[in-house]
Amino acid sequence: MTATQAARKQSLTSKASNYLDERTSISGAVSFLGRKIFPDHWSFMLGEVALYSFVAILISGTFLTFFFDPSMTHVPYEGSYVPLKGIGMSVAYHSALDISFDIRGGLLMRQVHHWSALLFVASIGLHMLRVFFTGAYRKPREINWVIGFLLFILAMAEGFTGYSLPDDLLSGNGLAIINGMVKGIPLIGTWISYFFFGGLFPGTAIVPRLYILHIMLLPAILIASLGLHMLLLIINKHTQFAGPGRTKGNVVGSPIMPVFAAKAGGFFFLVFGAIMLIASLVTINPIWNYGPYDPSPVSAGTQPDWYIGFADGALRLVPPGWEVELFGYTLTIAILAPMAVMGVFLVLVAFWPFIEAWITGDKREHHMADRPRNNPTRTAIGAAGIIFYAVMWAAASSDLMATHFSLNVFYVIHVLQALLILGPIIGFWLTKRIAIGLQKKDREMVLHGFESGRIVRKPGGEFIEVHQPVDEYERWRLTSFDAYEPTKERPNSAGRITAGTKIRGSLSRWFFEDRITPVTKSELEQSKHDH
Amino acid sequence: MAKRKNRGRRHPLASAALLILGLAAVGGGYTVVSEAADASAPAPAASQLTAEDGQRLYMANCATCHGVEAVGTKNGPTLIGVGAASVNFQVMTGRMPLAFQGPQADQRNPQFTQEQSDAMGEYIQTLGAGPDKPDEEWLDTSATGVDIANGAELFRINCAMCHNVAGAGGALTEGKFAPNLHDIDGAHIYEAMLTGPQNMPVFNDNNISPEEKRDVIAYLHYLDESPSVGGWDLGSLGPVSEGLFIWTLGLGSIVALTVWLTSRPN
Amino acid sequence: MTAHENADATPHGDALDKIDTGSAVVTDDGFENPGFPPHKPRQTDLDPQKEKRAERQVFGWFLLSMVGSVFAIVAYFAFPITESDLGSVRLNNLFLGLGLSLGLLGIGFGAVHWARQLMSGEEIAEDRHLTRGTEATRARAVEIFKLGDEESGFSRRSLIRNSLIAALALFPLPAVFMFRDIAPKEDAVEAIAHTMWEAGTRLALDPTGTPIKADDVTIGSAFHVIPFGMDNHAHDYLDQKALAVVLLMRLPAEDLNEVEGRRGWSYDGIVAYSKICTHVGCPVALYEQHTHHLLCPCHQSTFDVTNHAAVIFGPAARPLPQLPIAVDDEGYLVAQSDFTEPIGPSFWERQNHVNNDEHVQVLGQNTEDRA
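Residue numbers (UniProt numbering), protein chains in the order written: chain A, 1 to 531; chain B, 1 to 266; chain C, 1 to 371.
It should be emphasised that the hints constitute simulated quantities derived from the structure, not laboratory data.
Please note that a few of the clues may not be correct.
Some residues of chain C that are not near chain B, with every Cβ distance over 12 Å (derived) [said to hold, decoys possible]:
hint : residue
1    : D85
2    : I182
3    : E288
4    : Q289
Cut-off 20 Å, straight-line C-alpha distance, at most; resulting in silico cross-link-like pairs (SDA-like, lysine to any residue) [claimed, not checked]:
hint : chain 1 : residue 1 : chain 2 : residue 2
5    : C       : K213      : B       : S228
6    : A       : K440      : A       : L430
7    : C       : K50       : B       : N266
8    : A       : K85       : C       : P37
9    : C       : K40       : A       : F195
10   : A       : K85       : B       : P265
11   : A       : K521      : C       : G35
12   : A       : K36       : C       : K185
13   : A       : K248      : C       : K40
14   : A       : K521      : C       : D28
15   : A       : K521      : C       : K40
16   : A       : K85       : B       : V146
17   : A       : K521      : A       : L430
18   : A       : K248      : C       : M119
19   : A       : K441      : C       : E83
20   : A       : K528      : A       : H467
21   : A       : K248      : C       : A125
22   : C       : K213      : C       : Y267
23   : C       : K185      : A       : F195
24   : A       : K248      : C       : T134
25   : A       : K248      : C       : P37
26   : A       : K488      : A       : E474
27   : C       : K50       : B       : S209
28   : A       : K248      : C       : V26
29   : A       : K36       : C       : S120
30   : A       : K85       : B       : S142
31   : C       : K40       : A       : D471
32   : C       : K52       : B       : N266
33   : A       : K363      : C       : V26
34   : A       : K36       : C       : A125
35   : A       : K85       : B       : N266
36   : A       : K36       : C       : M119
37   : A       : K521      : C       : A253
We treat Cβ as the ideally placed atom computed from N, Cα and C, and that holds for glycine.
Kindly produce the complete structure, drawing on both the sequences and the hints.
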């Protein structure tokens, strides 16, 4: 390239930038965002996995809308899959089969769409766990946690509406279950079902209705919430783990331009590429096996996608006979109880930041991500929650556990019923003990250093192992965390201790009674003198 | 910068290569290697053994549980009237003689030859007539008029709730299960429908006609012979295996990528 | 770039001091932040050869991506789908997918490799600020609201303010009513409380619609049944089928423990039960001919056919409704009437739709421990 060519090229770029800036003030946005800092930690990428799988969903979904027809009009199958030839089915199922068997790349895009949907919800779940265990939802990020929670619910709703669109036997039976659950709602359940299905189940309205929800209403809300989620991320800046040079007042990492942009941009292609690779090698939801929806047949192993599994499992764990007659009306406890349990669980998740803030009373901003061990009770609550969720989730595959491990399916259910109660309790206790143990180990390390493996004989003949003190960087990493003590129940201005104060006091004791505080300078001095 | 213990001089592309290799090994390997395994057809019955031979075999191997004269004992039901179809199914799928008492008899290698089994079948027929082995005509799935789509529909209505739509099998009560139906001999499928072995209901000819039974067999054989179009089928177990896959291999490989992405090269 | 001297100072240090720390343990005795450790250069920073090699590797990835994308286009045409050939669909999916994967992964690995090895490896610190606006900004915001209130009279003119609020609250209400017609005008409860079965309707095979004679049903059989004469082109075929599907079984007559009022509902060991689960409505169709258990594959509710389909396991609360059957002059099985109670999952108004004249209540469940 000659010098004149280079000069012309440069001036072209600058001309274009100038043109754009004079019309948009884009230079302001670039100077505001361009060198913003993002800290590097693998667990900070999980939200990006969710974002990028969502982009993969949008791209593949758009392709699918060009071929999918959500009508429930009954037609005979005329496509090329032999075992369905001539069978009556809805246009929706017919077009989903055409996408799979008669359109080049159609099956691939269906598989990309479905696999990325599974990955989307899974990565949201993992991202939420990361945020939970590092306490990254504390002030000022409580609102963003709630928006994130909303995104999680929306992702599940998107998943469920999508699962129901092909109108095959699996999706139809999924809708039959939803219909049964809705009918269990007291007073209005029958009518809600009637409005939802546009008359009797299954009717001919449900697929087009779900389609509009799936491709328009829910994505619109989802994208808006996603925008808000990321806007707040920029305003709040990312949390970071404690480390040398990192303070409550700064954020340390790579700037957007160029390192973070290259990594995050590259990561989008990696996530999309991994999804594509999975979609080209591994089957997902072979709808042709299931046949068109018909209320009579059902398949063994009729399960929802993984993220609805916990709800299906909760239904399975109910013992027989949970139904009461009340003044001539029927209350289906067998459905209401699991719905209430799941509802309480989800509400606790959604409002957790506010609950914790109320217990600690801490009004400061928190930008340092906790190491999970440094808040043992929170970590233990998280572990108990995971176990509770996992037991319900496992219950949704009780039949497969029975066949694959040669067990009695009734026995599997009984064990899971017991685990649903005992598992979280044991998990809580165990996790808390482990976290406190790790904290003690950290303290030990700061106070006495780590074992160097070098044995020295003292003049007196005594053998000792030399302990090497940790360096100041490691010491900082191990000692810079927030510790709390139980709140004292103080009377209010009227001189009374209210019930709220008492509850808060006992929760605070439960949280912080067993605690390990970070090593202080004087403690370290003291320990040096002891030696 | 926090101290990172970056031991091991892994090549920067190692995790990338690992990811591709892992996925390719699991999925690609399966996809490329065609599973054109065909159920070996049983040798045509050249029955030189007679009902008397069958009786001797019966007395030696079956009478302990099913009783002398096949009237049944507390350990086994009577076999009077069960027919040769039932004998052929139970013996030639290795379910009988029973390996051990359990919720249900397991499939294993047959303990008798086809001739021996046929002889026992003839003996059982002499005690009281029951359904006989199917005519070859009803096992010929390449005959004209065989309708795979009809077989598939009948399969979904009558069989899929226990055996799963893809014939992958499923759980029943108290440790019993409906077995996997891949690569099963057509005669055995026919006999199972006709006689209702163990806890399977009977599907007699008024319920599913011989032509329809042939359609069902044709559909199951179609499934055996067809490749899984989307790639590795994960055992055709439905959403559970898909969920497990995305949480382990799927999310696992992506988390490995995030670790690589955020690590500092030395 | 340098580390901050004062570790915990923030640009709003003063404001921070006033913030309530709740039950946090605040100590002056903590360690000082040691600041950034010395920067360790990468091999690509030190060795120009390594740098060159990394550059070649990045190029290699981008080249691979280009090859992949071109391969995907080639595969689109080279592996077409031929009608009814599943193998061709599989190859199309596989090779198109592999090409696209390579196209994507090549860019991804190349870009990340570039960032890790060749872009600046130094970490940079950026200051945080308290999220709340500065005092001046906040004061200005309050002032703006006050001005707005004064200039509009929003607080002062309470009549028009309140009427505006009322109008805004009312205006979306018509939309609620406009959605009434997403379901038919008929009563929802009436619609689900009855099925197509009536006295004399023949039992027919699903899906062929062939009527069934009593002597067709041998002991141990299970027949999947729909009412005779269903028109599978009718617009409500599936709706009616979803209400009317029945499982017909024949047990040795002595195995049935029938209650007094229901002795006439079976025919010589032949019994018919609704196939729709009383839990949430999956088809309960897994019949075990020796134990006479009926299992639902969705949530494992188990019903005992010998005891009028009483629940013996799982979350269902009620037995499956029984269809009273008889035999007509020609030997065909017919229904004596519709079900005497609504079929399927429980709903609020269910009790009002049990046909009290004909319904015979049976024991709801028989929950001996089965595990």
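Structure-based check of each hint:
1. D85 of chain C, annotated as away from the interface, has a beta carbon of chain B within 12 Å; the closest lies near 10 Å.
2. With 12 Å as the threshold on Cβ separation, the claim that I182 of chain C sits away from chain B holds: the shortest Cβ distance comes to roughly 30 Å.
3. A Cβ of chain B approaches the Cβ of E288 of chain C within 12 Å, the least distance being about 4 Å, so the stated non-interface status is violated.
4. At roughly 5 Å from the closest C-beta of chain B, the C-beta of Q289 of chain C falls inside 12 Å, breaking its exclusion from the interface.
5. Taken as a hint, the K213 of chain C and S228 of chain B pair is broken in the structure, with Cα atoms around 41 Å apart against an allowance of 20 Å.
6. A distance of roughly 15 Å separates the Cα atoms of K440 of chain A and L430 of chain A; the hinted pair therefore holds under the 20 Å criterion.
7. As the CA atoms of K50 of chain C and N266 of chain B are separated by approximately 12 Å, the hinted pair is consistent with the 20 Å bound.
8. Among the hinted pairs, K85 of chain A with P37 of chain C is inconsistent with the structure: their alpha-carbon atoms are about 70 Å apart, more than 20 Å.
9. A distance of roughly 66 Å separates the Cα atoms of K40 of chain C and F195 of chain A; the hinted pair therefore is violated under the 20 Å criterion.
10. Restraint check: the Cα-Cα separation between K85 of chain A and P265 of chain B comes to about 57 Å, which exceeds 20 Å; the hinted pair is violated.
11. For a cut-off of 20 Å, the pair hint linking K521 of chain A to G35 of chain C stands: about 17 Å separates their Cα positions.
12. Between the alpha carbons of K36 of chain A and K185 of chain C the distance comes to roughly 59 Å, so the proposed pair goes past 20 Å and is violated.
13. With a C-alpha separation of about 24 Å, the suggested pair K248 of chain A and K40 of chain C falls outside the 20 Å cut-off, and the hint is violated.
14. Between the alpha carbons of K521 of chain A and D28 of chain C the distance comes to roughly 9 Å, so the proposed pair stays at or under 20 Å and holds.
15. Between K521 of chain A and K40 of chain C, the direct Cα distance comes to roughly 29 Å. Violation of the 20 Å bound is thereby established for this hinted pair.
16. Distance restraint check for K85 of chain A and V146 of chain B: the Cα-Cα separation of roughly 13 Å lies within the 20 Å cut-off, and the hinted pair is therefore satisfied.
17. For the suggested pair K521 of chain A and L430 of chain A, the alpha carbons sit about 31 Å apart, so the restraint of at most 20 Å is broken.
18. Distance hint between K248 of chain A and M119 of chain C is unfulfilled; the C-alpha atoms sit about 27 Å from each other, more than 20 Å.
19. Of the supplied pair hints, the one linking K441 of chain A and E83 of chain C is violated, its CA atoms being roughly 67 Å apart against a limit of 20 Å.
20. Restraint check for K528 of chain A and H467 of chain A: satisfied, since their Cα atoms lie roughly 12 Å apart, inside the 20 Å limit.
21. Between the alpha carbons of K248 of chain A and A125 of chain C the distance comes to roughly 12 Å, so the proposed pair stays at or under 20 Å and holds.
22. Our distance criterion of 20 Å between C-alpha atoms is met by K213 of chain C and Y267 of chain C, whose separation comes to about 11 Å.
23. Our distance criterion of 20 Å between C-alpha atoms is met by K185 of chain C and F195 of chain A, whose separation comes to about 10 Å.
24. A distance of roughly 18 Å separates the Cα atoms of K248 of chain A and T134 of chain C; the hinted pair therefore holds under the 20 Å criterion.
25. The hinted pair formed by K248 of chain A and P37 of chain C meets the criterion: a straight-line CA distance of about 18 Å does not exceed 20 Å.
26. Restraint check for K488 of chain A and E474 of chain A: the C-alpha separation of about 34 Å exceeds 20 Å, so the hint is violated.
27. Straight-line distance between C-alpha atoms of K50 of chain C and S209 of chain B comes to about 75 Å, which puts the hinted pair past the 20 Å bound.
28. A distance of roughly 14 Å separates the Cα atoms of K248 of chain A and V26 of chain C; the hinted pair therefore holds under the 20 Å criterion.
29. The suggested pairing of K36 of chain A with S120 of chain C holds, with an alpha-carbon distance near 15 Å, which does not exceed 20 Å.
30. The straight-line distance between the Cα atoms of K85 of chain A and S142 of chain B is roughly 17 Å, inside the 20 Å bound, and the hint therefore holds.
31. Proximity of K40 of chain C to D471 of chain A is assessed by CA-CA distance (about 17 Å); at most 20 Å being required, the pair is judged to hold.
32. With a CA separation close to 16 Å, the supplied pair K52 of chain C and N266 of chain B stays within the 20 Å bound.
33. Restraint check: the Cα-Cα separation between K363 of chain A and V26 of chain C comes to about 13 Å, which is no more than 20 Å; the hinted pair holds.
34. Distance check on the hinted pair: K36 of chain A and A125 of chain C sit about 9 Å apart at the alpha-carbon level, within 20 Å; holds.
35. Restraint check: the Cα-Cα separation between K85 of chain A and N266 of chain B comes to about 61 Å, which exceeds 20 Å; the hinted pair is violated.
36. Only pairs whose Cα atoms come within 20 Å are accepted, and K36 of chain A paired with M119 of chain C is accepted, the gap being roughly 16 Å.
37. Annotation: proposed proximity of K521 of chain A to A253 of chain C is violated, straight-line Cα distance about 87 Å (limit 20 Å).
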